[in-house]
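Visitor: Top to bottom, those sequences are chains E and R. First residue of the first sequence? That's 1 in our numbering, and the numbers climb one at a time after it. First residue of the second sequence? That's 348 in our numbering, and the numbers climb one at a time after it.
Some hints could be false.
Estimated spans, in silico, between C-beta atoms of each pair [stated by the list, open to error]:
1. SER587(R) to CYS38(E): 57 to 65 Å
2. ARG332(E) to LEU713(R): 34 to 42 Å
3. SER587(R) to ILE323(E): 30 to 38 Å
4. VAL168(E) to TRP438(R): 27 to 35 Å
5. PRO716(R) to LEU319(E): 32 to 40 Å
6. VAL150(E) to ASN628(R): 42 to 50 Å
7. VAL292(E) to SER587(R): 32 to 40 Å
8. VAL143(E) to LEU594(R): 37 to 45 Å
9. TRP438(R) to VAL150(E): 46 to 54 Å
10. ILE115(E) to PRO562(R): 33 to 41 Å
11. PRO120(E) to SER587(R): 49 to 57 Å
12. SER587(R) to MET27(E): 34 to 42 Å
Derived contacts from chain R toward chain E, CB cut-off under 10 Å, selection only [claimed, not checked]:
13. ASP456
14. GLU457
15. VAL576
16. TYR731
None of these hints come from the bench; they were simulated from the model. Here the structure is a predicted model, which is why all the values come from computation and not from measurement. Backbone N, C-alpha and C fix where the C-beta goes; we use that ideal spot for every residue, glycine too.
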Amino acid sequence: MGLPSGTFNQGYAQDMAIFRTRTQWVMLFAFLILLFACPLFFGDRILTVLTIIGISIISVHGLNILTGYCNQISMGHAGFMAVGAYTSALLTAKLDFSFWAALPCAALAAGIVGIIFGLPSLRVKGFYLIMATVAAHFIIIWVILQLYGVTGGADGMAVPRPEIGGFVFKSKASYFYLVMAIACLGTFFAKNIVRTRAGRAFIAIRDNELAAEVMGVNLWTYKLQAFFIGCVYAGVAGSLLVHYVAFATTDQFPFMNSVWYLGMLIVGGMGSTMGVIFGAVSLKLLDELVTVVGPILAAAVSPQAASSLGLIMRGLVILLFLIFEPRGLAHRWQMVKSYYRLWPFSH
Amino acid sequence: MTKIKWLFISSIIVLLLAMPLLAACPAEETTTPATTAPPPKTTAPPPVQKTLSIGGCFALTGAYAEDMAAVLAGFEDYAAYVNETHKLAPWRTETFPEDITVEVLWRDDELNVEKVLSIYEELKDKGLLVERTSGSPQALALMNLLDEDRIGATSSAVGPYLLSPPKTIFIQYPVYTDATAAIADWFLDNWEETRAPRVAYLTADNAMGKSVVIPEMDTYLESIGFEVVGTQYVPLVPTSPPTTQLLWLKENKVDLALGVMINPGAQPTVKEMVRLDMGPNLGYKITFGTASPGHLWILAKAMGELGNGYVCAGSYNPPEDLTVPGVKFCSDLQDSYRSDRVTHIMYQHGVVEAMIQVEALRLAMLKVPIDELAPVDVLEYGFYMIKNLETGGITSTPLSFGPGDVIGMDEVLVQQVQGGEAVALGTWPLHNIYKQE
Numbered sequence: 001m002g003l004p005s006g007t008f009n010q011g012y013a014q015d016m017a018i019f020r021t022r023t024q025w026v027m028l029f030a031f032l033i034l035l036f037a038c039p040l041f042f043g044d045r046i047l048t049v050l051t052i053i054g055i056s057i058i059s060v061h062g063l064n065i066l067t068g069y070c071n072q073i074s075m076g077h078a079g080f081m082a083v084g085a086y087t088s089a090l091l092t093a094k095l096d097f098s099f100w101a102a103l104p105c106a107a108l109a110a111g112i113v114g115i116i117f118g119l120p121s122l123r124v125k126g127f128y129l130i131m132a133t134v135a136a137h138f139i140i141i142w143v144i145l146q147l148y149g150v151t152g153g154a155d156g157m158a159v160p161r162p163e164i165g166g167f168v169f170k171s172k173a174s175y176f177y178l179v180m181a182i183a184c185l186g187t188f189f190a191k192n193i194v195r196t197r198a199g200r201a202f203i204a205i206r207d208n209e210l211a212a213e214v215m216g217v218n219l220w221t222y223k224l225q226a227f228f229i230g231c232v233y234a235g236v237a238g239s240l241l242v243h244y245v246a247f248a249t250t251d252q253f254p255f256m257n258s259v260w261y262l263g264m265l266i267v268g269g270m271g272s273t274m275g276v277i278f279g280a281v282s283l284k285l286l287d288e289l290v291t292v293v294g295p296i297l298a299a300a301v302s303p304q305a306a307s308s309l310g311l312i313m314r315g316l317v318i319l320l321f322l323i324f325e326p327r328g329l330a331h332r333w334q335m336v337k338s339y340y341r342l343w344p345f346s347h
Numbered sequence: 348m349t350k351i352k353w354l355f356i357s358s359i360i361v362l363l364l365a366m367p368l369l370a371a372c373p374a375e376e377t378t379t380p381a382t383t384a385p386p387p388k389t390t391a392p393p394p395v396q397k398t399l400s401i402g403g404c405f406a407l408t409g410a411y412a413e414d415m416a417a418v419l420a421g422f423e424d425y426a427a428y429v430n431e432t433h434k435l436a437p438w439r440t441e442t443f444p445e446d447i448t449v450e451v452l453w454r455d456d457e458l459n460v461e462k463v464l465s466i467y468e469e470l471k472d473k474g475l476l477v478e479r480t481s482g483s484p485q486a487l488a489l490m491n492l493l494d495e496d497r498i499g500a501t502s503s504a505v506g507p508y509l510l511s512p513p514k515t516i517f518i519q520y521p522v523y524t525d526a527t528a529a530i531a532d533w534f535l536d537n538w539e540e541t542r543a544p545r546v547a548y549l550t551a552d553n554a555m556g557k558s559v560v561i562p563e564m565d566t567y568l569e570s571i572g573f574e575v576v577g578t579q580y581v582p583l584v585p586t587s588p589p590t591t592q593l594l595w596l597k598e599n600k601v602d603l604a605l606g607v608m609i610n611p612g613a614q615p616t617v618k619e620m621v622r623l624d625m626g627p628n629l630g631y632k633i634t635f636g637t638a639s640p641g642h643l644w645i646l647a648k649a650m651g652e653l654g655n656g657y658v659c660a661g662s663y664n665p666p667e668d669l670t671v672p673g674v675k676f677c678s679d680l681q682d683s684y685r686s687d688r689v690t691h692i693m694y695q696h697g698v699v700e701a702m703i704q705v706e707a708l709r710l711a712m713l714k715v716p717i718d719e720l721a722p723v724d725v726l727e728y729g730f731y732m733i734k735n736l737e738t739g740g741i742t743s744t745p746l747s748f749g750p751g752d753v754i755g756m757d758e759v760l761v762q763q764v765q766g767g768e769a770v771a772l773g774t775w776p777l778h779n780i781y782k783q784e
């Protein structure tokens, strides 16, 4: 970990610390205070955007562990979110489970389904694994639609909002707090998971599967662990999404969302916890910008000409990042930090 | 050096803290002071022009883009008509208040559920008292929120999910189950063989298409004498001809194929049917019918006689049929307010939707002054009070809504392509097939 000029680690604890200096702690607390003060300053619209960003961050953390760290490219992430979403929806709406009991069940169910669809990763990789995960998405959605009597099929099903001690998370502000608390926890765990033995194994697999195997990394175990952890995050995100809308339908998990989640990783920076946050925030804010700019542009041209602007802009941004900054915004952030840490020295 | 660092960090924190505070300040407070300027001495001040917004979410990106662009054009032209004439339609005597301007607020939701949520909040913040949804995914995502916020909305998606329980999305053509049932009724009225006709679903593989494949629909079809064979799904916009699905219909000796498709799905399906010698007038006798999004006039215009036999329920009248007052009105609107003419049939839909939203606002203003108007007032004194709203024949019947009554009509128009032209076969009653819970 880079440290400010003149600061040195003098023990194992310091070496392992995520937040090493007082400045970093102050920055963290300032950020958290600002984040959790948002409902005091912002209206429902901004809170909705932030909540959706929070849910995306949780989901993309999972994809980052799976794809960014372990190099198991998944295009079925929205499908795994649907598993978590419907598990939570069914448990709360049909079996009267509390949201707090349903949420871990949703995570677990998505993780198990992830393991099942992760099995091909032991035999195939790269493009072929992508196709296997694409198939996973469509199989999951097909199964949900076929279970009409249970899931409501294409009509979907109403889902109760989370509740604790009689307090219902109905307002935008309350749900914002719920999502952000889970997103912060998810970020903390994601940062730590990749520093564990398993995390190091993921990185070894990503860098060179053969070398990792030769060193004694059990590919079978660790690839499936990556699928499990990645899909657990997806399950939590899916559950939070349907409880937010108070309705579950397969249309909330279109295939294109999986593509955009990968896009967030590209823009943010694969294999970086901060990259996930940068990617989710930047692409979602770009979405908002395009939504507002669309009607203004339409006044000059026509609504049809201004349509698809979102798709074009997102595609263009991903393309530009792939060409000019394949390591994403996280790398740019590292460069800024490096410059600051050496300050006032020029090198 | 440390001091400079801390100074830098402190100023960033102060700046970040100040930004939300500044953002929280309402813009109005900084513009015109309320009490400083004395009133003009000479004449009475001109009436303050107030603004009311209509519109909502339009999926201008994705499979419905063409449809929604036409709907938006209908909204814009109708708003321009109301603003200029203060009338609501040529055949109506009521007027819209002259001191109120109607503006159209819209956003492209890209058929994306996550996006529609933030758009909904944005438009709500901007003071939109009514809403609209484009497709089933958005309607499904918003219907509970709309109900909780007591906001009335219109929609171009009419799945049965709107009825369980009836919420606050009001529709101007029947739900897909009732529309397809009307086709089945028409088919049965013309069935001449002694055996029971065999029916199958041939429908789009999304929420819209699958909404007709429900047990209640099977029960209804069987109750009127059909033998239900099964279901085949076609992609919403097929990337290859649905040969397998159509051959399955042939192998299972299906007489009537029912579904919900948009034109980009229906046209390749009908084309492939003809290639496989399947159709009411071809070697293998089969009739294919869809609910309203597979607009008949569009198909007839694009395919001509190739589309002969295709049936559609709940669709709009051909735009060139100026004998229908509503169609003539739409044509006049375009002459007056649009330089580039919209030829899409969904323009009529946009005009009617705008008509409903404006009518709801007008009725609500009869009870509550505009400055105090809240969405719930527009719902309860507006949408719920719309009775026999005459659309000049654009919709199958005049529209009536109320609490628990979100479908505007009781009958649906069934049309068929004959000789390459859209021909009206008549109207059939709605059966309310979907059980409301």
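Visitor: Indicate, hint by hint, whether the structure satisfies it.
Guide: We went through each hint and held it up to the structure:
1. SER587(R) to CYS38(E): 57 to 65 Å: violated, 48 Å
2. ARG332(E) to LEU713(R): 34 to 42 Å: Violated, since ARG332(E) and LEU713(R) (Cβ atoms, about 58 Å apart) do not stay within the stated range.
3. SER587(R) to ILE323(E): 30 to 38 Å: holds, 33 Å
4. VAL168(E) to TRP438(R): 27 to 35 Å: Check failed, 48 Å falls outside 27 to 35 Å.
5. PRO716(R) to LEU319(E): 32 to 40 Å: violated, 53 Å
6. VAL150(E) to ASN628(R): 42 to 50 Å: Since VAL150(E) and ASN628(R) have Cβ atoms about 43 Å apart, the given range 42 to 50 Å holds.
7. VAL292(E) to SER587(R): 32 to 40 Å: holds, 38 Å
8. VAL143(E) to LEU594(R): 37 to 45 Å: violated, 26 Å
9. TRP438(R) to VAL150(E): 46 to 54 Å: holds, 49 Å
10. ILE115(E) to PRO562(R): 33 to 41 Å: Between ILE115(E) and PRO562(R), where Cβ atoms are some 34 Å apart, the hint holds.
11. PRO120(E) to SER587(R): 49 to 57 Å: violated, 26 Å
12. SER587(R) to MET27(E): 34 to 42 Å: violated, 55 Å
13. ASP456: For ASP456(R), the interface hint holds, since the closest Cβ of chain E sits about 8 Å away, which is under 10 Å.
14. GLU457: holds, 5 Å
15. VAL576: Since chain E brings no Cβ nearer than about 18 Å to VAL576(R), farther than 10 Å, the hint is violated.
16. TYR731: violated, 22 Å
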